[in-house]
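Undergrad: Those protein sequences? They're chains A and B, same order as listed.
In this text, residue positions in the first sequence follow this note's numbering: the first is 1, and each later residue adds one.
In this text, residue positions in the second sequence follow this note's numbering: the first is 1, and each later residue adds one.
Among these hints, one or two may not hold up.
Copies of the same chain are indistinguishable here, so a pair counts whether it falls within one copy or spans any two.
Unchecked claim - Below, computed lysine to any residue pairings styled on SDA-like, alpha-carbon distance capped at 25 Å:
hint, residue 1, residue 2
1, Lys284, Val704
2, Lys391, Ala73
3, Lys42, Arg25
4, Lys482, Asp393
5, Lys603, Ser345
6, Lys727, Gly39
7, Lys249, Asp393
8, Lys657, Leu671
9, Lys249, Phe394
10, Lys482, Asp443
11, Lys42, Ala107
12, Lys483, Leu444
13, Lys196, Leu757
14, Lys563, Glu590
15, Lys348, Pro37
16, Lys273, Val341
17, Lys69, Ala676
I should point out that these hints are in silico values taken from the structure, not numbers from a laboratory.
Owing to the predicted nature of the structure, the values given are computational and were not obtained by experimental measurement.
So the chains spell out like this:
Protein chains: 2
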Amino acid sequence: MIFKRLIAIVAAAAALWSCGGAGNRVQTIEGETITSPDGHLKLVFALAQDGTPMYSLDKDSLKVVLPSKLGFALFDNGGDLQTGFTVKEVTRDSFDEVWEPVWGEEAQIRNHYNELLVALGREDGTAMNLRFRLYDDGLGFRYEFPVENKLTYFSVKEELTEFAMTGDHTAWWIPGDYDTQEYNYTESRLSEVRGKYEGMRIHNASAEGFSPTGVQTALQLKTDDGLYLNIHEAEVVDYPTTNLELDDKNFVFRTWLTPDAEGVKGRLQAPCKTPWRTVMVVEKAVDVLASRLILNLNEPCAIEDVSWIHPVKYMGVWWEMITGKSAWSYTDDYPSVQLGVTDYSKAKPHGRHGANNENVRRHIDFAAENGFDAILVEGWNEGWEDWYGHKKDFVFDFQTPYPDFDIAALNEYAHSKGIRLVMHHETSSSTLNYERFIEPAYDLMNKYGYNSVKSGYVGDIIPYGEHHYSQPLINHYLLCIKKAAEHHIMVNAHEAVRPTGLCRTWPNLIGNEAAMGTEYRAGIHAGHATVLPFTRLQGGPMDYTPGIFEMDMSRIVPTEHGKMQMTIANQLGIYVTFYSPLQMAADFPEHYQRFMDAFQFIKDVAVDWDKSVYLDAEPGAYIVTARHPKLASLNKAQESVATLKDGKKNAVSGAAKYVYALPENATTADLARAKARDVWYVGGVNDENAREVLVAFDFLKPGVNYEADIYLDGDDADYEIAPQSYKIEKRTLTSADSLTVRMARGGGFAISLRELL
Amino acid sequence: MIFKRLIAIVAAAAALWSCGGAGNRVQTIEGETITSPDGHLKLVFALAQDGTPMYSLDKDSLKVVLPSKLGFALFDNGGDLQTGFTVKEVTRDSFDEVWEPVWGEEAQIRNHYNELLVALGREDGTAMNLRFRLYDDGLGFRYEFPVENKLTYFSVKEELTEFAMTGDHTAWWIPGDYDTQEYNYTESRLSEVRGKYEGMRIHNASAEGFSPTGVQTALQLKTDDGLYLNIHEAEVVDYPTTNLELDDKNFVFRTWLTPDAEGVKGRLQAPCKTPWRTVMVVEKAVDVLASRLILNLNEPCAIEDVSWIHPVKYMGVWWEMITGKSAWSYTDDYPSVQLGVTDYSKAKPHGRHGANNENVRRHIDFAAENGFDAILVEGWNEGWEDWYGHKKDFVFDFQTPYPDFDIAALNEYAHSKGIRLVMHHETSSSTLNYERFIEPAYDLMNKYGYNSVKSGYVGDIIPYGEHHYSQPLINHYLLCIKKAAEHHIMVNAHEAVRPTGLCRTWPNLIGNEAAMGTEYRAGIHAGHATVLPFTRLQGGPMDYTPGIFEMDMSRIVPTEHGKMQMTIANQLGIYVTFYSPLQMAADFPEHYQRFMDAFQFIKDVAVDWDKSVYLDAEPGAYIVTARHPKLASLNKAQESVATLKDGKKNAVSGAAKYVYALPENATTADLARAKARDVWYVGGVNDENAREVLVAFDFLKPGVNYEADIYLDGDDADYEIAPQSYKIEKRTLTSADSLTVRMARGGGFAISLRELL
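In isolation and in its complexed conformation, chain A is listed as follows (with noise of 0.2 Å):
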């Protein structure tokens, strides 16, 4: 339909907001309009008389987001991709479907929107399209450019993208960065951004020249109204991160996209399209939780056979080198190596030296008994003498172990206890020197048996001047998902760009980092648990490493001080707050043997979903979950763990034998009723105030009895006082039941359901 109308803008008369702002901003805009499936969200889409497009939204008679640009500036084309556009044809649609992910919060998503897509040119031939998608709980629209058009190849100088917010709204937020995520959360207004921002800022390289009010995605949001928004972005693939600058007097946040090593924020070739701008619309914090628009917005999984992907719950040596009990590196002779120079044959080990045999096979001993599927082992290969802070191209090869880890020995060993080790490539950022090893290095994890790699990348990028977040790196992350999906390996990626969905099109990404996790110890703020699922998390798993019952680090190390912020109930709480399908007990043996009762919750809990429900939550405050636990991928994933070695079936995860658990003198009959018995988890964390929670137990089976395994703050329980204080109940429950939980001050909680026989 050619769509010739013209557009007109209505300008209101007066800001609606009370406080804060210039008052001269557009209110509403009369133009194309779709509304959500439900009717509720109305998105607006106009031009502006200068052929500027806009668009805004509303959720029911709520302004959500007021007329806001859209464009860009770019280097070349004249530079100005903005203004001067006409309408060109508008076509809408409407989509509904239910799609199962590999692994996820629920066995089933659906993904139901109503479309509308405007092509935008301008008579020199430039052609833009805007494809918005309206769901229930929130608005999607990406920027396509078609392959009919002035523009083939373009440089983007700034995405001009406006969020223009109604009013000062509280925020939850994070400093921009090209570079990390791993910030404590700020509760503010967004007015009080600017004066809280320098106490927050990393200063490190890609700090310089930023700005003092620009924020990160996804942004927690709440208005005065009671709506609860979340700004994020959706398939981020071949397109810069972007952060939200905010102008702090009329609150209109905007995409400042990360440049790459020439100050080019975006290099485009038509076709093409930008990721997804997301903006989430519900109505309370529960519903943040619930909501699936990231991944809808993501395309289909492009990984035809899926039977090698399963999730993982894993222990490590990795705990002992971030305590600074232990080391990654091997030796002291040297006071720099260069590989295939240094011969380490030759060296004399420092004897801290984490990832050797003796120790790996403790570590092994310890998961395969207690029904874990998998050993991450730090340090195990030559470099980590000098692989920090020195921008040095060549850090490590991916391949060459330390003489004290012997990898197919250790592989071997573990293979015929039901374990998996998992393979660790720290890159130090040398991106350009991954890249060239990374095929041997994924054909090494082949021969030996790894299917699962943890990635880092820690420090300044090589190629120099780029970041994290820039277009080139955001290419060699899917690049390295996609290499590894060849090779049947599972990928979870540390410090690389927050996710944005891409797991659903890529089910081997299991698991990244992308937000400050366990490894700040003393530094995490007690409440952050309580933002993580609002924020980072809405763009795919974390691998936020919990399970920490030590928390005075002294006790580990001596010289070290820090105490970490929150109770051993708070950590088991986690297990079902923070969906990952790769979960890890991060503490060591030593520590969970000191407190075998509280261990049991993380040996029993599952790590994949058929259903989640989120029955209660605040964010910076509180969330409570209950999780119904996918048993077919539970059986799976042990099915892959246990038939390693020869075809014997060796350990059964720990989650199995809770669900199959029975008497000794139990019948066929007893073990085919455990098979089909429901289950249920819950948990919650809690930030530093202590407070009570009413769990209602209504989503369990109605007229069943349900055993449940409760493990709560202890009384005196405080994350400053008594962090290792807690207690078990053991109680029979109904779905007419509720509890009134306790949580401490960094408190939580965790309760394992199980049906009655």
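Please arrange chain B on chain A, whose structure you already have, making use of the hints.
TA: Okay, now just chain B, sitting in the frame of chain A:
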């Protein structure tokens, strides 16, 4: 030996040079000295009063390099790595050996020098050594950073190495650049460089912010005392390439390194060393051509089995693209292409694609008939439609042929005729992408029997912000050479960095471009070929692609108007004047068919030598060279080609045919004698002024008659008026003979000499 004497500096009272310059520069230093083996050159090392290392170089009573500073400015370690040094130890050594290059201008090379190693240190533990090697024909010196050092990782802001000239020398120079050496040479006094600079400079990205007096190495100089100096560098490995910044008041050159994307001019990790800085000092121009200074300063061959490396004389499907007669690309269907997405099998061919089956077969036939070894085919692979100028990362996959290039059938056809195809890898300077595909690309070559690759680096470098001569790219080129060696592949890299003798260490680097070559057609000044052997060729052979017989471009493509500035005899002369183990006959078969008698020289000439005699030369004017072929090498190469297919011997190379030529009724004894007979080739090239040169044949075996085929400029030959005028004379010559040869404007000559049986 511990050196504790105070080294004093004697400041000379007055400047020695007669024109230009502030006269306050120190003229003499006293300190540690070494002399060249023949005693004529003297190197003095001393510390200035502030602890700055300095050196000077004399030849007998003539000063060559006035006291010149050494050192660095760093980004770290306090910045200053020039002052405050004391001498910790001085070591002297001498060396004399004869080594045999895998290929070259002579079978044996003498490496004979005296060495001075000065260990410098500071109280803070900073250590820097200077190693000087003094040859009869010049000086090489480098910085070395030992492992016992305060410096471990450090970044160079500027290398401060000076070369203080004694006066306003005549120079043959091209402007400094970070990305290209493709310039005509300018002959001028040093004081005139600034004035002539702007006209010369290519205003590309790397020109911005660069010095208005910077020039490139190898820089050929001539003093008013009649000395020929040549400033260059040797063994540039893991370090940026340098330009020479000229202080044109004082005639002092200083190193000006190529910055990387972050502006760093070298990232070093001790232990390490810089490239050699070299100053050749000889009394005759021909001695510059005879010098092996650069090769001698490189490391011995690093490849154990060199049996697969051999010289190559080749033709190609190439000049037709350069002249515009045909195209690298296949279709005009798309404004841009996407590899793996664009379906070429459905594209409409534009009909101008050069690398099509029929055309390649035609070239194979002609090459086989005329005794060549190989055919280069450019434009064989998908992606040429938009390969240039878009900074496109994924521009080629180096593996997927266009629909009309049957890679299996064409290689099979070529091999059946004793011809190899030469692979072509244009990277479009996206080295990031090339490194991703280099292994499968080389595997593909191995699969189809390619044993050499011409690689290309046209356009701006990706990684963004890097330069063709910055350290990461230097490392890239070497990475390719090493990987190629693993695959038994010979490399001919175009638009890569100018060579600095690395072919001694990696003799599979059989060619480089790195200068303005024949592809510039009418843009090349007439005297260009008389400068390159003094400059560009000092570092290693050049794939200059001579052999053009049709100089009028309009006869190929009527809309072209350029006329190349040389004669046919000049083109023949280049085959002897320019040493290269890789020589192309660049023109079309149909052009050679018009001049088969002149083409005979190209067929007959060898490409590898056991002896070279530089008869007469003056840079920028003329060069006359005689060379004696290394027949063993020729035969080996021939064998490698001839046994390609089913062990059948097919083509016999032109040079071998020439050597073995016998009458039809020859006996076996005749053949044996033929194999032993003496053969020489002589070539001359001239500038834009017609001149006569006297060629004395005293290099021939005395008392032996040689039949000589003499290819001369025709009487009316002139590059502007009659470039295709030539005459061929046959004579019998002995070592007692000499010939006065007239070379036309832009002309030259060539002679084949074969012992009469």
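Undergrad: The structure should be examined with respect to each hint, and the outcome stated for every one.
TA: Against the structure, the hints come out as follows:
no., hint, in the structure
1, Lys284 - Val704, "neither (30 Å within a copy, 104 Å between copies)"
2, Lys391 - Ala73, "between (33 Å within a copy, 19 Å between copies)"
3, Lys42 - Arg25, "within (20 Å within a copy, 79 Å between copies)"
4, Lys482 - Asp393, "both (23 Å within a copy, 17 Å between copies)"
5, Lys603 - Ser345, "neither (39 Å within a copy, 56 Å between copies)"
6, Lys727 - Gly39, "neither (48 Å within a copy, 91 Å between copies)"
7, Lys249 - Asp393, "neither (44 Å within a copy, 40 Å between copies)"
8, Lys657 - Leu671, "within (12 Å within a copy, 87 Å between copies)"
9, Lys249 - Phe394, "neither (47 Å within a copy, 43 Å between copies)"
10, Lys482 - Asp443, "both (14 Å within a copy, 21 Å between copies)"
11, Lys42 - Ala107, "neither (29 Å within a copy, 83 Å between copies)"
12, Lys483 - Leu444, "both (14 Å within a copy, 19 Å between copies)"
13, Lys196 - Leu757, "neither (55 Å within a copy, 96 Å between copies)"
14, Lys563 - Glu590, "within (18 Å within a copy, 84 Å between copies)"
15, Lys348 - Pro37, "neither (68 Å within a copy, 45 Å between copies)"
16, Lys273 - Val341, "between (46 Å within a copy, 15 Å between copies)"
17, Lys69 - Ala676, "neither (54 Å within a copy, 84 Å between copies)"
The structure shown violates the earlier hints numbered 1, 5, 6, 7, 9, 11, 13, 15, 17.
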